[in-house]
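Q: We have chain A already, so just place chain B on it with the hints.
Protein chains: 2
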Amino acid sequence: MISLAGGLPSPDLFPVKELKKASDEVFDNDGKTALQYGMAAGYDKLREQVAQMTRDRGVDCTADNVAITTGSEQSLDLVGKLLINPGDTVLVEEPTYLCTLDILRTYGANLVGIQMDEHGMRMDLLKKALKEHPETKLIYTIPNFQNPTGHTIPNARREEMEKLAIANGVVILEDDPYNRVRYSGKAQFPVKHFDNTGNVIYLSSFSKFLVPGLRLGWMVADPSFMKKLIPMKQSTDLHSDNLSQYIASRYLAENDVTKHVKQICDLYHKRAETMMKELDENLPEGSTHSNPEGGMFLWVKAPETVNTVDLFKECIKHHVAFVPGAPFYSNKVKQGTFRLNFSNADSATIKKGIDRLCDAMKEYMKKNEVKAE
Amino acid sequence: MISLAGGLPSPDLFPVKELKKASDEVFDNDGKTALQYGMAAGYDKLREQVAQMTRDRGVDCTADNVAITTGSEQSLDLVGKLLINPGDTVLVEEPTYLCTLDILRTYGANLVGIQMDEHGMRMDLLKKALKEHPETKLIYTIPNFQNPTGHTIPNARREEMEKLAIANGVVILEDDPYNRVRYSGKAQFPVKHFDNTGNVIYLSSFSKFLVPGLRLGWMVADPSFMKKLIPMKQSTDLHSDNLSQYIASRYLAENDVTKHVKQICDLYHKRAETMMKELDENLPEGSTHSNPEGGMFLWVKAPETVNTVDLFKECIKHHVAFVPGAPFYSNKVKQGTFRLNFSNADSATIKKGIDRLCDAMKEYMKKNEVKAE
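Top to bottom, those sequences are chains A and B. If you're matching positions, the first sequence starts at 1 in full-length UniProt numbering and goes up one per residue. If you're matching positions, the second sequence starts at 1 in full-length UniProt numbering and goes up one per residue.
So here's chain A without its partners, still in its complex pose (with noise of 0.2 Å):
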């Protein structure tokens, strides 16, 4: 079986080597501090080292600005529990972040979809939806490469998504686990980077360009939302993992970051463009794909009369797997569509895994007498 479904970043490049030498030193140097209980805001190194980061990125923060979590999801999950009450509309990328989907319903939010084209959501049907509910409290957006299309949001997009939050008086939720892995295109500016009145909640992870198992992610946001954080997060978990902290942040202080995310960038550019190849040559007539510019997922549109839990099945039967699309639909589910990974297998297998679902593709189409739209 061939998994192209899940969401896992490549353990061929985690630095298990480096991680170890940090750790060691942590032990060494720091083990009591390290092992004994902590702040809930996090440990302060790794505070401004994020800060640090974050300010590279033409985020204007310090330290104060940041709280470690214990990873985006619980970033997220912090997020719906303060700001979500029951029937508050909530404006998402149309599709997203399943997993957000997930939360943001447990707090009762009302969920209303934007839909996207190429460049992410767009900003005239964002301004008809604020128009349309103004009892909007929050837009969620993943604006690089977007889980799930691989969709980016160009630089005048996110200044305009800013304008429109402030003259309606709504908070953004950016979640960007992804930005460092770009590997085409040039990089934008975070949308809190356009942020000058503190109304965007800034979230991202250490889970895709250093490891998932430390489970950090952090947030960046306004000392006024920090200052209701950090009791909700001390009473969700005390602190996010001590030793974890100590380890990222030495990992952070003796290593060249960036040429470690320039390996997993070469790594999933390659991937990606084996599997966008092989789709180019493979895929049926009326079916596309996304082209991201970095990231983990493309995104695959069939015609709408697939119905991709039935695809699945049949892609079982060919050995191979991928998420559909309808869990990422906060409300209508276009139909049609589905997620692939291409960070977690090599070439080779990829290529053999798009061959597998391209021939299942084929062959449910033609028993259910698919035509091309």
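Rather than coming from a laboratory, the hints here were simulated on the basis of the structure.
Because identical chains share one entry, a pair is satisfied inside a single copy or across any pair of copies.
Computed cross-link-like contacts, DSS-like style, restricted to lysine-lysine with a CA-CA straight-line distance of at most 30 Å:
(1) Lys17 with Lys32
(2) Lys228 with Lys137
(3) Lys81 with Lys228
(4) Lys32 with Lys351
(5) Lys332 with Lys131
(6) Lys45 with Lys17
(7) Lys20 with Lys32
(8) Lys332 with Lys127
(9) Lys17 with Lys262
(10) Lys270 with Lys17
(11) Lys371 with Lys301
(12) Lys262 with Lys32
A: The following block gives chain B in isolation, referenced to the frame of chain A:
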């Protein structure tokens, strides 16, 4: 300043060398797996080890009953999130762990305090409260060396608690982080030992007998509860730190944990005895303290006319700190109470700290004309 306030285990006995060895072996043997995403319920091998530790204490369970959490604080939060709806009544020991009160309040619980004697929660009062509050959903108990009082519930009373819970269709949340840190008296069974119907949710943690910096706790519960818990855990932080789970697992497999725990117990015993002796000799007339058989805390009752917040200010002038009793109460605060910690200062410091405390108490009482009751 001598702090007898916090709740930190002594870092003097953190097994730094042994944990470094375990960590090195994890990097060498399981590096890529330990640093990758893991399972929401926790690392399989660690779940097995926890199940074994729990069976050793007389609880019938397997790894399927175990979930690893990001510390007991998260266990408490997840139980609150899953079980408590606004207005639900929760019966708690009065006083009890203040963070649990915070969490339960966050979820809108109606808290009802049950008075304790030196053997913990009084069963006659529990019975009465269950009758008065037929809407009760949960009984929350810390059966061993309770925080903040240090009281321990004997087996017979535990069995009775479980019978009362069953008879009233109520869940028991058994929070047991301190059980291994017993330095005198005889180990009692967990309340969950008496559970034949699956109504007891048992919590414990690595924080008090290993280290708290590996932010790891666990829950042992019925499969029907696990089925709801695991997806909730997943949408809260995906899973707990994977590297730390692997390190804890290796540590448990390769070290004589019983011997390590004995060292902790011996140290805390010495510190507790120093504290109690010094209190016996110096506490002003009309003040008493509890006599814990383990754990990290003891509880002082001064005359009820003593305002412990004002006393605290007096103590700060004498360069010693404690935690005033008020925040540990769910409802009506019993004045004149406060908590002392004996795990995180050496005996000489404890002696000096208690001398300062007693001096401050005497000064406060004289100034405020407090009479012994």
